[in-house]
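Participant: Chain order of the listed sequences is A and B. Take the first sequence: its letters are residues 1 to 355, numbered as in the UniProt record's numbering. Take the second sequence: its letters are residues 1 to 355, numbered as in the UniProt record's numbering.
Honestly, the hints are just simulated from the structure, not real lab data. Be careful, since some hints might not be right.
[Stated by the list, open to error] Between beta-carbon pairs, the in silico distance windows are: (1) A/Leu173 <-> B/Gly318: 47 to 55 angstroms; (2) A/Leu45 <-> B/Ala83: 19 to 27 angstroms; (3) A/Pro141 <-> B/Asp334: 34 to 42 angstroms; (4) B/Gly318 <-> A/Leu41: 40 to 48 angstroms; (5) B/Asp334 <-> A/Leu45: 26 to 34 angstroms; (6) A/Leu173 <-> B/Lys282: 57 to 65 angstroms; (7) A/Leu45 <-> B/His108: 21 to 29 angstroms; (8) A/Ala114 <-> B/Asp221: 56 to 64 angstroms; (9) A/Val199 <-> B/Leu326: 54 to 62 angstroms; (10) A/Gly322 <-> B/Ala347: 49 to 57 angstroms.
Quick caveat, the model's predicted, so the values are computed rather than measured. Ideal Cβ positions, reconstructed from N, Cα and C, are used throughout, including at glycine.
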Amino acid sequence: MSDTKTRAEAAAAPATTPTPRRTGRRLLRSRDATIVYALVLIVILAAIFVPYFASVTTVSFLLIDAIPILLMAMPMALIIITGEIDLSVASTAGLSAALLGVLWHQSGSHGNIAVMFVICLIVGAACGAFNGFLIAVVGLPSLAVTIGTLALFRGLALVVIGDNAVADFPVSLTTFATSSIPGIGVPTVMVFVLVVVAVFAVILHFTPFGRALFALGYSTEAASFVGIRVNRSKFWLYVASGVISSAAGLFWVLRYSSAQSDSVQGLELSVVAAVLLGGVSIFGGSGSIVGVVAGVLIIRTVNYSLQLGGLPDTALTIVTGGLLVLSVVAPSVSARFVAARDRRARARLADAPAT
Amino acid sequence: MKLSRITDRGPRPARRTILLTAAAATAVLLTLSGCSGAGSAGGSGGGANKKISIAFVPKQLNNPYTDVELGGGKKAAAATGDAYSVVGPNTASASSQVSYINTLTQKHTDVIAIAANDPNAVCSALNQAKAGGAKIITFDSDTDKSCRSLFINQVVAKDVGLVELKQLGEQIDYQGEFAILSATANATNQNSWIKYMKDELASNPKYSKMKLVTTVYGNDDDTTSFQVAQGLLQSYPNLKGIISPTTVGIAATARYLSTSSYKGKVILTGLGLPNQMRQYVKDGTVKEFALWDPAKIGTATVYAAKALVAGTITGKEGDTFKAGSLGTLKVGADNTVIVGPPTEFTAANIDKFDF
Chain A
1 MSDTKTRAEA
11 AAAPATTPTP
21 RRTGRRLLRS
31 RDATIVYALV
41 LIVILAAIFV
51 PYFASVTTVS
61 FLLIDAIPIL
71 LMAMPMALII
81 ITGEIDLSVA
91 STAGLSAALL
101 GVLWHQSGSH
111 GNIAVMFVIC
121 LIVGAACGAF
131 NGFLIAVVGL
141 PSLAVTIGTL
151 ALFRGLALVV
161 IGDNAVADFP
171 VSLTTFATSS
181 IPGIGVPTVM
191 VFVLVVVAVF
201 AVILHFTPFG
211 RALFALGYST
221 EAASFVGIRV
231 NRSKFWLYVA
241 SGVISSAAGL
251 FWVLRYSSAQ
261 SDSVQGLELS
271 VVAAVLLGGV
281 SIFGGSGSIV
291 GVVAGVLIIR
301 TVNYSLQLGG
311 LPDTALTIVT
321 GGLLVLSVVA
331 PSVSARFVAA
341 RDRRARARLA
351 DAPAT
Chain B
1 MKLSRITDRG
11 PRPARRTILL
21 TAAAATAVLL
31 TLSGCSGAGS
41 AGGSGGGANK
51 KISIAFVPKQ
61 LNNPYTDVEL
71 GGGKKAAAAT
81 GDAYSVVGPN
91 TASASSQVSY
101 INTLTQKHTD
111 VIAIAANDPN
121 AVCSALNQAK
131 AGGAKIITFD
141 SDTDKSCRSL
151 FINQVVAKDV
161 GLVELKQLGE
171 QIDYQGEFAI
181 LSATANATNQ
191 NSWIKYMKDE
201 LASNPKYSKM
211 KLVTTVYGND
221 DDTTSFQVAQ
231 GLLQSYPNLK
241 GIISPTTVGI
251 AATARYLSTS
261 SYKGKVILTG
271 LGLPNQMRQY
281 VKDGTVKEFA
291 LWDPAKIGTA
301 TVYAAKALVA
311 GTITGKEGDT
321 FKAGSLGTLK
331 VGADNTVIVG
341 PPTEFTAANI
351 DKFDF
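Given only the sequences and the hints, what does the whole structure look like? Please build it.
Facilitator: So, in structure tokens, the structure goes:
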């Protein structure tokens, strides 16, 4: 862990203004720690105040709904760290879901579903490559491009499956998708998701490519001057985002045993909220996978506790929105707070020898 | 604030603190889950007449028709002293219904009554709820048969056709020409009602002097229905009456009649919403029309829930249960309870209904 952070920010440091290293390190550290503290605090509060929250069932119900968000949050974190965004993730997932439904239906419900998975993942990669091409090669702003593809991919999903719903997927697969590891309640699929999380953590924090992403987020010009292939990096990030989103879509289909044109609709906001809440700066250049995982869990825990408490959907939307605003506002407020405290501390130190 | 001050001391103590806090939180959670587990085990059980908890999951919240249904359920639960609650999504999506079903499962709600947005997507969640001891009832919109014990449905299609024919017949002394103004040419509901009307006209001697001259379609569009009604009266000068088995059609036709010279001379009947039809009943344009009362669905659901939990019925065909003001209801084919017959609205009772 300590290695992770040191390297991450060592990579970032050269690209920034020459702030003292220690301060930067402290800042990062306290930010990550704060998010984990917040998660623990929220879980404890929920366990105390929300009836039935403290049980194994919570673990399974809470985590199974976190899976698609957690998956999509991984490439999203990397993309936001480079200073870009991908709002088309949920639509890409929806398109894969619709495609899987149609392929399965056309095969007469007994085709080779593994092959269909691969086809869907390839289509997901193509969606990502399309985004990546427009953003990295043509040089268009990612916000505009992915708002466009958000509508485009959802529209394609409608073309593919129309107003039908395909539901007769193999029971063994749908049961597997909703199953939990006995005793601890963690969904079985979570094991695979953790592998994905680990891969992204290694890429971001332990490889030159990952270090380059932080540099990119600070300054594209500086990054290209030190030899980072800016466009290539961005392109592959979007391809990764397409593939992972597509996988999330396939999971969604099996989890609900139903493929429709509106599957996974609207989830992109939860993903972005979780990533920002997890300490990734919307301006790029900073963030960590640990923080993002904690961010996803915070959003899910808050939502699930409110649902368990019987609050309507309206309240959930307001809370998610509020958390999103908070996650953007909090870093700048806490940065100012820390800066002020450091100034005071330095002043005290300076005073000390004199007295 | 305190937490971040601790982290500021340096890397090692910070991490230790996180670990300690996490460990403490886990310990607290484990203790709590132990407690709550024991508590719920002690709380369940009880006599045949115990108060039960019923949770309604409508297709979406804040829908006028649904609100009337739920109102019926609330009233019935207040009368029987059972715990009534409503949870559900803001938009009619199956995946958000699943989250709510999960929380209800965890709360050990005795009965979950759901109007499904997708017959299959909610199934695995409902089966989990069933495994947890909950009884499942669908109302209004059914799921796959295997996922619920009972389906509470509005009315029998034949009853709808017959009541409309009877209302018209009574007012035109069972003789003369009449027309049908329907929704669209391929509307399943309307077509089955019209078919029963035609069968009855052909087979029942009471209607031998009544002649159906034409069936026209207003496409469930207010303006089209209005124009089609106007056209009908011009092309069939001897028309005695119009049956409009759609709420849009009857309201548009009533609006045309109320300002024309045909007001009070041409009889209009069919299916309408009391709130839309009130003014035409009061000004004498319309004497009678029909619709099922959505509130009865909620009421029937509550009594069916009680009977299921008490074990007096299992939901198999032929089971009967007492449903308060609705009298005794019987479970028919496909484990379906029909609440009907349709309610007939006249100047005398229309003010008692608000939907």
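Participant: So which hints don't hold here, by number, going up?
Facilitator: Hint check: 1, 3, 4, 5 and 8 fail, others pass.
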